[in-house]
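The lines below spell out each chain.
2 protein chains.
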Amino acid sequence: MGKVLIIGAGGVATVAAHKVAQHPEVFDEIMIASRTKAKCDAIVKAIGNPSIQTAKVDADNVEELVELLNGYKPDMVMNLALPYQDLTIMEACLQTGCNYLDTANYEPKDVAHFEYSWQWAYKKRFEEAGLTAILGCGFDPGVSGVYTAYAAKHYFDEIHYLDIVDCNAGNHHKAFATNFNPEINIREITQNGRYYENGQWVETKPMEIHKDLTYPNIGPRDSYLLFHEELESLVKNFPTIKRARFWMTFGQEYLTHLRVIQNIGMARIDEVDYNGVKIVPLQFLKAVLPNPQDLGENYEGETSIGCRIRGVKDGKELTYYVYNNCSHHAAYLETGMQGVSYTTGVPAMIGAMMFLKGIWKKPGVWNVEEFDPDPFMEELNKDGLPWHEVFNGDLEL
Amino acid sequence: MGKVLIIGAGGVATVAAHKVAQHPEVFDEIMIASRTKAKCDAIVKAIGNPSIQTAKVDADNVEELVELLNGYKPDMVMNLALPYQDLTIMEACLQTGCNYLDTANYEPKDVAHFEYSWQWAYKKRFEEAGLTAILGCGFDPGVSGVYTAYAAKHYFDEIHYLDIVDCNAGNHHKAFATNFNPEINIREITQNGRYYENGQWVETKPMEIHKDLTYPNIGPRDSYLLFHEELESLVKNFPTIKRARFWMTFGQEYLTHLRVIQNIGMARIDEVDYNGVKIVPLQFLKAVLPNPQDLGENYEGETSIGCRIRGVKDGKELTYYVYNNCSHHAAYLETGMQGVSYTTGVPAMIGAMMFLKGIWKKPGVWNVEEFDPDPFMEELNKDGLPWHEVFNGDLEL
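Here the protein sequences line up with chains A and B, keeping their order. Letter by letter, the first sequence follows residues 1 to 397 in my numbering. Letter by letter, the second sequence follows residues 398 to 794 in my numbering.
Read the hints as simulated data drawn from the structure, not as lab findings. Please note that the accuracy of each hint is not assured.
Stated by the list, open to error - Across the chosen pairs, the derived CB separations fall in these ranges:
| # | chain 1 | residue 1 | chain 2 | residue 2 | range |
| --- | --- | --- | --- | --- | --- |
| 1 | A | Gly219 | B | Asp691 | 43 to 51 Å |
| 2 | B | Ile666 | A | Lys211 | 40 to 48 Å |
| 3 | A | Thr240 | B | Asn672 | 45 to 53 Å |
| 4 | A | Gly393 | B | Glu793 | 55 to 63 Å |
| 5 | A | Val202 | B | Asp619 | 36 to 44 Å |
| 6 | A | Thr240 | B | Asp667 | 53 to 61 Å |
| 7 | B | Thr601 | A | Glu203 | 45 to 53 Å |
| 8 | B | Asp691 | A | Lys211 | 36 to 44 Å |
| 9 | A | Val272 | B | Glu460 | 28 to 36 Å |
Stated by the list, open to error - With a cut-off of at most 27 Å between alpha-carbon atoms, the simulated DSS-like pairs for lysine-lysine come out as follows:
| # | chain 1 | residue 1 | chain 2 | residue 2 |
| --- | --- | --- | --- | --- |
| 10 | A | Lys286 | B | Lys683 |
| 11 | A | Lys123 | A | Lys361 |
| 12 | A | Lys278 | B | Lys506 |
| 13 | B | Lys683 | A | Lys278 |
Just so you know, even glycine gets a beta-carbon here, dropped at the ideal spot from N, CA and C.
Based on the sequences and whatever the hints tell you, model everything.
So, in structure tokens, the structure goes:
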């Protein structure tokens, strides 16, 4: 049906590449490109399919990207690199007539600030070029938006309250490690919390609001209110929403480590002069911490991510909870990566599949909830992320 | 009486320089040298005595040191640089006929391992050259040895139990900072504990043994058993000692920060490759943490360091506690530095004074307890570190 170029060679890209390779009926040709070609070659070796091509590209560099896209001519670029590179890759797609998908919204390197406005600004250009850009097609953002769209389509006349709940109850047996890029992870968590209520955004201090939430097959876990980027598009696309929040679990040890990392200055994202070399402390810390891609082997337990929704149908109040539980070990056995990479990489593959099948294809820049959720939901069940529904249960929220 | 060269321009060197400058009747000429001459010039400016000379020297480089010593011809070098440089400076002293004093024993850069054997190996060469080397002449080591020698000389026939107790009850109002070079501080604390009992050394895990000890004018503080270098020389020089231990106070927050620093790999002393630059994580952390020299201004509270001794005199059991309390703020007002630098820098000056007065002058390499403690004890009272005695109190140990 079409050829894809995966940019990135981290945990998410590794999972997505495995999954794309499992669907030759959709993906005719595959190329993986990143700053370090050897990492791409290692993924190809792990998959065991030598027909997958690899290339070296600096995703910060539009010219290099354009050259690669003009040479390979993919139907779609799956951007699984860092969110810093969203705009350069979108730009290269526009210049070369290529469709686009990513899993996390753009943020500039020098301020921790996650929002869609930068990428939405490309809407008109993608429209005029007849190209599709699908934003935030991982799990959260991604499946969380598809879940919401599915709930709105099938079960609610109006969604009033939306809580996205993200629990990682896994144990990687390291004193401290982040589950994805530590730089992005720490930037995300140390910023102020924010949620949407009655038409406006309410700001909180970092980790200020938390409560015990009970996760299926896991039990109660202390869950912290964070800002998460899909809130921004979901309240826009579902204007009946009165309140939208995002919750993530953290253990006390994780939070203690995080607090100390900030106290000692290692979460700083400005440059420090070290013997004449300019170094960003958080980037140096990343080089010292365990690589999230190496956590898989001994990772036990599972993740549980879902949407807890309250609204009305035919004038009656209704609650709905849709979620997936993903085993770190099962993810590792299939792809060599842990569950956090797996839950992000699988939906990225499905998004690309939806596009190549012509189901999620419309010129412009879109968030996932703006497409038909049904075929995506069907594919989740087939591709390792089955979902479950609870009707009229206690949402605890 | 003589001229001194101070090597180093940190907090301890700053205090020692102030104190040396207060005694022109002993110190005829003063020079301060360090890797960064501007830091030496800043100390001279703070003291306000333009007759003090300054120079640039790399204390790792014996040739540079020899050239400096041959040019300036000091009677004594006060080594107040890092303990990594003890051996190069001792070597340069031997080559140029210069006497030597330091405040902390040598350790190699690549292993955290504090012991005197490296420096004691120079004993014969100093003897043959007719030169005096005084090792470990800060507070602990330093005053702790003088206290012990004083107790042995005046109050005990036999010392049986020696506990050196070091409390910092100050508050610098920073989330986390070390009171002296963070690299040395963290190396010291993260190594195994060790104490002497019945003729042998007993090893403990880091921070394994701790108890509440009550410090004068402060109250009870959780105190942790560490190895500290003066134990090594004191049990050798006072062979009646059955048990010798060293205790230091740490708050829970400090220990939490330390634990996390280790967990995240920032206490590592091996080199890490960071974008092609070799960087020792602990040294990078030092560059990000507050500079101990900048803590003085808002430092409240005091330190309390002393020796708790049990032994016999005329066949009767006796306990003896001798200690000094030092106010961070008073130290800052006098020298611009906090109490931890002050309590180390003042004894260094007194040691040099003892040598230049001919009281502590004998060819060889010596620890402070091998000299007459009385004139040193007298000088402590005059120079800002008055001491107090408690007889037959409860040592809690």
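Hint check:
1. A:Gly219 <-> B:Asp691: 43 to 51 Å: Holds, at about 47 Å.
2. B:Ile666 <-> A:Lys211: 40 to 48 Å: At roughly 42 Å between Cβ atoms, Lys211 of chain A and Ile666 of chain B fall inside 40 to 48 Å, so the hint holds.
3. A:Thr240 <-> B:Asn672: 45 to 53 Å: At 49 Å between Cβs, range holds.
4. A:Gly393 <-> B:Glu793: 55 to 63 Å: holds, 58 Å
5. A:Val202 <-> B:Asp619: 36 to 44 Å: Cβ of Val202 of chain A to Cβ of Asp619 of chain B: about 41 Å, so the range 36 to 44 Å holds.
6. A:Thr240 <-> B:Asp667: 53 to 61 Å: holds, 58 Å
7. B:Thr601 <-> A:Glu203: 45 to 53 Å: holds, 48 Å
8. B:Asp691 <-> A:Lys211: 36 to 44 Å: Because 41 Å falls inside the window, the suggested range holds.
9. A:Val272 <-> B:Glu460: 28 to 36 Å: Because 32 Å falls inside the window, the suggested range holds.
10. A:Lys286 <-> B:Lys683: holds, 17 Å
11. A:Lys123 <-> A:Lys361: This hinted pair holds, its Cα atoms lying about 14 Å apart.
12. A:Lys278 <-> B:Lys506: holds, 24 Å
13. B:Lys683 <-> A:Lys278: Within the cut-off at roughly 15 Å; holds.
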